[in-house]
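Chemist: Sequence:
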Amino acid sequence: MLIKHIIQFAQETEDIEFLKTFVKDEWEAAARLFERLEFDRFPFPEQFGDYTGSLFCKTIVAEVAEETRIEETQGVQPLDLMFDVKSFDVEKLDALNHSLVIEDVTQDTVETLKELNIEISPVSNTDEFFKDVLKTSNFARLALFDGIPVGFIFAEKKFNSDGSSHLFIGIMGVKAEKQRHGIAGMLIKHIIQFAQETEDIKFLKTFVKDECEAAARLFERCEFDRFPFPEQFGDYTGSFFCKSTQ
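With full-length UniProt numbering applied, the sequence shown corresponds to residues 1 to 246, in that order.
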């Protein structure tokens with residue numbers, strides 16, 4: 001009854017697109033319950049250690065707004081970066097190593113982050129998405145090239161049932177003129193290192209739409225595992241990408 005109640009609530013709320021939960025393998029009774037309520041099941045791979053289990057998702061609204069997003073409930077998605085490792089050359093990479101600085105977002109730079117996001121993705125709901133950007137549990141970084149803000153990454157810390165946590169990469173963007181310089185890859189490597197050095201963060205996760213194949217390849221190069229969504233998720237056809245920190 002509790003699950004049916006939340007399904008009804010979601011159906012009556014116009015901006016909720018789907019419901020999602022994670023069930024460990026040993027909780028098979030819970031898994032059967034979600035399946036009876038028409039949740040789709042997506043098994044996790046064995047390498048997630050204590051997190052062997054399945055993701056359960058249920059579509060609420062099939063039609064969604066035409067916006068470039070990682071995940072509608074998480075925020076905008078300027079991840080169609082057209083990042084191509086074949087376009088790298090040694091001179092660019094050397095210049096990148098000498099010119100790129102990745103720094104924390106602070107009270108003094110949060111407006112810079114919002115302005116940069118609007119420039120990269122004008123349709124985004126900046127105020128709503130970044131309202132908690134300065135919470136200490138979240139991860140927000142700016143990429144500066146020769147002192148000029150050119151990219152960013154933002155992830156929310158989500159708590160798991162056992163008291164540990166994971167990071168959901170909700171939004172990442174790089175200015176068009178600075179794409180193909182490896183900045184997006186450096187931002188992802190930075191968040192991976194942060195997660196690996198934070199004891200209670202067990203894995204990282206993000207969602208990439210099918211049409212953003214360049215972004216998908218980028219996460220695969222950073223050794224994220226890919227879990228495709230089924231076609232029936234409408235505009236949410238795409239894949240989850242997960243990476244263990246263990």
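Careful: at least some of the hints might be erroneous.
To be verified - Lysine to any residue pairs mimicking SDA-like chemistry, simulated, CA-CA at most 25 Å apart: (1) K114 - K58; (2) K202 - P228; (3) K20 - D210.
What the hints assert, rightly or not - Here are the computed distance ranges between Cβ atoms for each label pair: (4) R32 - L134: 17 to 27 Å; (5) V101 - D25: 40 to 50 Å; (6) I16 - T237: 15 to 25 Å; (7) R217 - D25: 23 to 33 Å; (8) T106 - R41: 21 to 31 Å.
These are calculated hints, taken from the structure and not from any lab test.
Please read these numbers as outputs of a predicted model, since none were measured by experiment.
For each residue, glycine too, the CB sits at the ideal point set by N, CA and C.
Chemist: Sort out which numbered hints this structure fails and list those numbers smallest first.
Modeler: The structure breaks hints 1, 4, 8; every other hint is satisfied.
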